[in-house]
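There are 2 protein chains.
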Amino acid sequence: MGKLARGVALIGAGMSKFGAFPDKTGRELFVEAYIDARNSVDNGIDNKDIEAMFLGNFSSDIFEGQGHNGPIMADWVGLIPKPVTRTEGACASSGVAIRAGITAVASGLHEIVCISGVEKMTDLPTAGVTDALAAASDVSYEFPVGATFPGLYATIATAHMKKYGTTIKQLRTIGVKNHKNGALNSKAQFSVTIKDLMEKRIKKLKDKEETVPDWKDEYDFLEDPSANPVIAWPLRLYDCSPITDGAAVAFLAAEEVAKKYTDTPLHIIGSGQGSVQPALHDRADFTSILAAREASNMAYKMAGVKPEDIQVAEVHDCFTIAEIIATEDLRFFKPGEGGKAAEEGITARDGQKPVNTSGGLKSKGHPVGASGAGQVVEIWKQLRGEAGPRQVPGVELGLTHNVGGTGGTCAVHIYRR
Amino acid sequence: MGKLARGVALIGAGMSKFGAFPDKTGRELFVEAYIDARNSVDNGIDNKDIEAMFLGNFSSDIFEGQGHNGPIMADWVGLIPKPVTRTEGACASSGVAIRAGITAVASGLHEIVCISGVEKMTDLPTAGVTDALAAASDVSYEFPVGATFPGLYATIATAHMKKYGTTIKQLRTIGVKNHKNGALNSKAQFSVTIKDLMEKRIKKLKDKEETVPDWKDEYDFLEDPSANPVIAWPLRLYDCSPITDGAAVAFLAAEEVAKKYTDTPLHIIGSGQGSVQPALHDRADFTSILAAREASNMAYKMAGVKPEDIQVAEVHDCFTIAEIIATEDLRFFKPGEGGKAAEEGITARDGQKPVNTSGGLKSKGHPVGASGAGQVVEIWKQLRGEAGPRQVPGVELGLTHNVGGTGGTCAVHIYRR
Chain A
1 MGKLARGVAL
11 IGAGMSKFGA
21 FPDKTGRELF
31 VEAYIDARNS
41 VDNGIDNKDI
51 EAMFLGNFSS
61 DIFEGQGHNG
71 PIMADWVGLI
81 PKPVTRTEGA
91 CASSGVAIRA
101 GITAVASGLH
111 EIVCISGVEK
121 MTDLPTAGVT
131 DALAAASDVS
141 YEFPVGATFP
151 GLYATIATAH
161 MKKYGTTIKQ
171 LRTIGVKNHK
181 NGALNSKAQF
191 SVTIKDLMEK
201 RIKKLKDKEE
211 TVPDWKDEYD
221 FLEDPSANPV
231 IAWPLRLYDC
241 SPITDGAAVA
251 FLAAEEVAKK
261 YTDTPLHIIG
271 SGQGSVQPAL
281 HDRADFTSIL
291 AAREASNMAY
301 KMAGVKPEDI
311 QVAEVHDCFT
321 IAEIIATEDL
331 RFFKPGEGGK
341 AAEEGITARD
351 GQKPVNTSGG
361 LKSKGHPVGA
371 SGAGQVVEIW
381 KQLRGEAGPR
391 QVPGVELGLT
401 HNVGGTGGTC
411 AVHIYRR
Chain B
1 MGKLARGVAL
11 IGAGMSKFGA
21 FPDKTGRELF
31 VEAYIDARNS
41 VDNGIDNKDI
51 EAMFLGNFSS
61 DIFEGQGHNG
71 PIMADWVGLI
81 PKPVTRTEGA
91 CASSGVAIRA
101 GITAVASGLH
111 EIVCISGVEK
121 MTDLPTAGVT
131 DALAAASDVS
141 YEFPVGATFP
151 GLYATIATAH
161 MKKYGTTIKQ
171 LRTIGVKNHK
181 NGALNSKAQF
191 SVTIKDLMEK
201 RIKKLKDKEE
211 TVPDWKDEYD
221 FLEDPSANPV
231 IAWPLRLYDC
241 SPITDGAAVA
251 FLAAEEVAKK
261 YTDTPLHIIG
271 SGQGSVQPAL
281 HDRADFTSIL
291 AAREASNMAY
301 KMAGVKPEDI
311 QVAEVHDCFT
321 IAEIIATEDL
331 RFFKPGEGGK
341 AAEEGITARD
351 GQKPVNTSGG
361 LKSKGHPVGA
371 SGAGQVVEIW
381 KQLRGEAGPR
391 QVPGVELGLT
401 HNVGGTGGTC
411 AVHIYRR
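Chains as they are written, first to last, in this note's numbering: chain A, 1 to 417; chain B, 1 to 417.
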């Protein structure tokens, strides 16, 4: 495992609004993200400068009946006839696109490439989306016995609770925290705190002159099945990321040319990727993801930094338990201590190790193939001091962690201002 | 557009048998190909040496209900927890995997990577496969008006006939030639000549004491609808590549380490990739594919060779007209002269410019995501003098040309012994 032949920098990143957009196609959302990314490049960038594109997408095949959407997206943003390759690693599809883009630039073949992701999920009914996502599990074994992702992550959660004593309250803390961050992100699908949701519900019940439950606080609210039904115990609705339409785009440049586009590029100093058997039953332990440990070790080693050096991180919180495990696999905390750390506020925006300042997948939304590229947008803003009301002061070293399925694929990247 | 930071060599390549295998899964075919590829490495190769994998696959999502098959294939061949990325560009899915593998090695990140492709198509009924493949067209415009690939390529064929006077006989020549080559390839799905097919049919009719049509030769046979029905005029059954299950695998190494594995590596001296709008109606001309011209120009330039230097080529003959256009886009022949060149035997195995000595997609089979990697296997054998009865003597410079959809994606690679 070697060293990049030349350095690669991030020179711009942008995204569409994440949400449910029945009137928009994936193509339109992609154009929205592309324009936002182009606008983020300080000194501007022309399409003629962009030599190739990598598009993360999990399954427009199933979601929209459209395979081969690389050249379609390239066409809609004016990049024909340049090379475009779709990459897929389930919900890490655009995380692996970052790595493909880095190697394309470092190899010497290209000076500037576009890395991106898109997913249009809401055309299907909810049950159809659940089935489509289940295609990212091992369908020979897991899907036929009725296991879809909430069930698989619930299994992971109970294993973590049993082995380490992780509590329900700790799970809920992740959702509360991430909604608190997402409430400050206008691109988020659910730009609202859990507390606000509770108060809205109280107002609605009062308006209808119905009985208002005696909720002491948002945690109490989250244990009420009328407000937050169980999806797969111990996971309730607000432990699960939503079904989302969205796209995100970023531009990578060889270090030699990056300064032409911005005085403040971010240097991509670490890249790691790993795999594990998609089927849970093939693994010795459910409480940690081998692919994530592998990817993060690789990225830390390449970057020459330690977990404690990372100042801000976007991690893959498709379910609340996933964030707890992510912070352990990334070695921010010891195995079994991720839940406690969240509960103590360490991963809050004003804590020692802010995680998912964007709102994470939970609040910002999870258009699966675009989520990894969406994480890049937040790190771009945070490390450049452009994150507005959710800015963490003075951060210069950030990380993205993007997982596919229950961990079959994981990509980790480290960025330095 | 730059120059590779370091050279990349092909050190081994192998494939499963191509065909229809109702009793085998995509995973099993992949293992078969992987073992064949490992066995092709002269001095042997261990899994520990292989640092990452790129898997071309068009849509196991639709064909097998399995997305996220990168880590599944990696698991079945023992490459967990290494990075594995699925690449997709319709029927060029493994052609673009080659390029991804090249950049991964040239970037310095990896010394040796596996590039590969797999598709398991025959689990669906034929109409289902036709619909699945149509997902590689522009489904917002082309599929709703009933256009599937035979119809789209028939449109391309009639445009070529009208513009250049390309004849029906020239189309049929491609099929006759490729079956003649494929008859010498034991891995081919239809390892039989058209003449043999005709003679078998004559024997069968005689055995049943039915009337035997007065077929003068195989070309006459191919115009008889009872033997070769029209699929979409002017394309008949034997103008269309079959529906196929199969997998192919190759190993790429940094030039510095290649010699450890074989005294006769192939040097990958050219890589090109291009895109065009998937929808035919967006193009000014149907008789040439912009993506292929772009990809081949890029590859020739990088390799520092000219079209006339290429001694053996595997091109994307998903339909007979596609091979004619491929040989023009690659500038082997002037626009409009590809059909005539085939008719004159120039592209025959013993001609000046042998094309599809493996049998091509037409006879060898077209497991779409594996076809590009399958082409690599033939070039590996030809340039090393290991192609047995179909060996072209003394060839040292070869090319692969892999197209997705009606040309939305194209990847071209050039190899020197």
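Derived by calculation from the structure, the hints in this document are not laboratory data. These figures come from a predicted structure and were not determined experimentally. Certain hints may be false.
[Stated by the list, open to error] Chain A is faced by these chain B residues, among others (derived, beta-carbon under 10 Å):
hint	residue
1	Thr25
2	Phe54
3	Gly65
4	Gly70
5	Glu88
6	Asp131
7	Ala134
8	Thr211
9	Val212
10	Ala291
Glycine included, every Cβ here is placed at the ideal spot set by N, Cα and C.
For this session: Of all the hints given earlier, name the ones this structure violates by number, lowest first.
Result: Hint check: 8, 9 fail, others pass.
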